[in-house]
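Visitor: Chains as they are written, first to last, in this note's numbering: chain A, 1 to 123; chain B, 124 to 332.
In case anyone wonders, no lab produced these hints; they're calculated from the structure.
Being a predicted model, the structure only gives us computed values, none of them experimental.
A virtual CB, placed ideally from N, CA and C, is assigned to each residue, including glycine.
Keep in mind that a hint or two might mislead.
Only some residues are given here: those of chain A computed to face chain B with a beta carbon under 8 Å [stated by the list, open to error]:
hint : residue
1    : G79
2    : G81
3    : K105
4    : R112
Dumping the calculated DSSO-like pairs for lysine-lysine here, alpha-carbon to alpha-carbon at most 30 Å [to be verified]:
hint : chain 1 : residue 1 : chain 2 : residue 2
5    : A       : K105      : B       : K332
6    : B       : K179      : A       : K105
7    : B       : K319      : A       : K38
8    : B       : K179      : A       : K87
9    : A       : K76       : B       : K319
10   : B       : K332      : A       : K122
11   : B       : K304      : A       : K76
12   : A       : K76       : B       : K179
13   : A       : K87       : B       : K164
14   : B       : K179      : A       : K60
15   : A       : K105      : B       : K304
16   : B       : K304      : A       : K87
17   : B       : K164      : A       : K122
18   : B       : K202      : A       : K76
19   : A       : K60       : A       : K76
20   : A       : K122      : B       : K179
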Amino acid sequence: MSRIVLVTGGSFQGKTKYARESYTDFVVFDDFEMMLQKYIDEYRADCDSQDDVEQYICHKIDELIAYNKSCVFILKECGCGIVPMDKEERAFREICGRCGCYIAKRADEVVRLIMGIPQRIKG
Amino acid sequence: MIITIVGGSGSGKSEYAQNLISALHESEYSDGRKIYLATMKCYGEEGTRRVARHLKLRENMNFETIEQTDFIDDIVASKNDVVLIEDMSNLAANAMFDRESQGATATKESIADSTNNEKADNEQSNNEKAAAEESTNEVLVSGIIEQIVSLNKKVGALVIVTNDVNRDSCGYDELTRQYIKNIAAINAAVFEMSDKVYEIVYSIGVRLK
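Take these sequences, add in the hints, and give me the full structure.
Guide: Shown next as structure tokens:
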């Protein structure tokens, strides 16, 4: 049976170590925020609307889930700071938030790492 | 009763808060109003987009929207009503940066005055200025907390949306650091008086209290 997992948390909290040790036979998408940036960049060529970008990325996430049996998304918990001065940065953390919510909705399990300690918040 | 929702940007805290207050309204306060207290001052295209997004999110939810960017306890409400405050960090920013623009004028005047004085006097005035700024921020924080206490006495239930702004880079200017410090103080006081506190992580509610 295929399972979808989201591992989140702040920077350097032990997300990768936890995911690699706990989900050995899963496909792991590490640093998924980098993938989000890649999707944003490839989409920006056509259109600039943030809602459209979000929709496009959610569609990409659906594809990843459909092609892979069981997978773990490792996504940094963004947005817990001051709203950045830079427009692109502001847009990125909002897109990261919305797409993170989408993965969390699709996920069977969501685990958040705090100083190396896993906190299971879904599933 | 106070329920507080905290989370980062784009974490889904608004949606969570709206669902929570709607359930509360239906179950215990169906005779009263369901008030959406909007505190954000809308600037530019992004502000408009943000408001439009929130409007769409609460479309058909029968909220009565009241725009009040400061002194939120001035709104007319009763013990039958439930109020959603969206959000605390905008409320604090409005109070702080409005006061800041007034403060900037005062600073210019004090600089003009100080050029006529001896250097020793100048240093003393700087110390006094720092002390005055500290007490201004204390007054601001306690003022906002008082607004919440007073509004809570008027209404049936209060759901407060606030931001987690304390968990990233520390390379900020003094004014931003002061803002972060003020928000932290307000959040701590609000959490203290809340009956329930939820942290929202990518749309999932984690109960903190």
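Visitor: Give a verdict on every hint.
Guide: Results of checking the hints against the structure:
The beta carbon of G79/A is positioned within 8 Å of a beta carbon in chain B (closest approach about 3 Å), and the interface hint is therefore held. The beta carbon of G81/A comes within 3 Å of a beta carbon in chain B, closer than 8 Å, and the hint placing it at the interface holds. At its closest, the beta carbon of K105/A sits 6 Å from a beta carbon of chain B; the interface hint therefore holds under the 8 Å criterion. Because the closest C-beta pair between R112/A and chain B is about 6 Å apart, less than 8 Å, the hint holds.
Between K105/A and K332/B, the direct Cα distance comes to roughly 24 Å. Compliance with the 30 Å bound is thereby established for this hinted pair. About 20 Å separates the Cα atoms of K179/B and K105/A, which keeps this hinted pair within 30 Å; it holds. With a C-alpha separation of about 39 Å, the suggested pair K319/B and K38/A falls outside the 30 Å cut-off, and the hint is violated. Between K179/B and K87/A the CA atoms are separated by roughly 23 Å; this keeps the pair inside 30 Å, and the hint holds.
Between K76/A and K319/B, the direct Cα distance comes to roughly 26 Å. Compliance with the 30 Å bound is thereby established for this hinted pair. Between K332/B and K122/A the alpha-carbon distance is near 18 Å, which keeps this suggested pair within the 30 Å criterion. The suggested pairing of K304/B with K76/A holds, with an alpha-carbon distance near 24 Å, which does not exceed 30 Å. The hinted pair formed by K76/A and K179/B meets the criterion: a straight-line CA distance of about 28 Å does not exceed 30 Å.
The suggested pairing of K87/A with K164/B holds, with an alpha-carbon distance near 18 Å, which does not exceed 30 Å. Between K179/B and K60/A the CA atoms are separated by roughly 24 Å; this keeps the pair inside 30 Å, and the hint holds. Between K105/A and K304/B, the direct Cα distance comes to roughly 33 Å. Violation of the 30 Å bound is thereby established for this hinted pair. Between K304/B and K87/A the CA atoms are separated by roughly 24 Å; this keeps the pair inside 30 Å, and the hint holds.
With a C-alpha separation of about 35 Å, the suggested pairing of K164/B with K122/A is violated against the 30 Å cut-off. A hinted pair counts as satisfied when its Cα atoms are at most 30 Å apart, and K202/B with K76/A does not qualify at roughly 42 Å. A distance of roughly 18 Å separates the Cα atoms of K60/A and K76/A; the hinted pair therefore holds under the 30 Å criterion. For the hint pairing K122/A with K179/B, the CA-to-CA distance comes to about 27 Å; that is within 30 Å, so the pair holds.
Comparing the model with each numbered hint stated earlier shows that hints 7, 15, 17, 18 do not hold.
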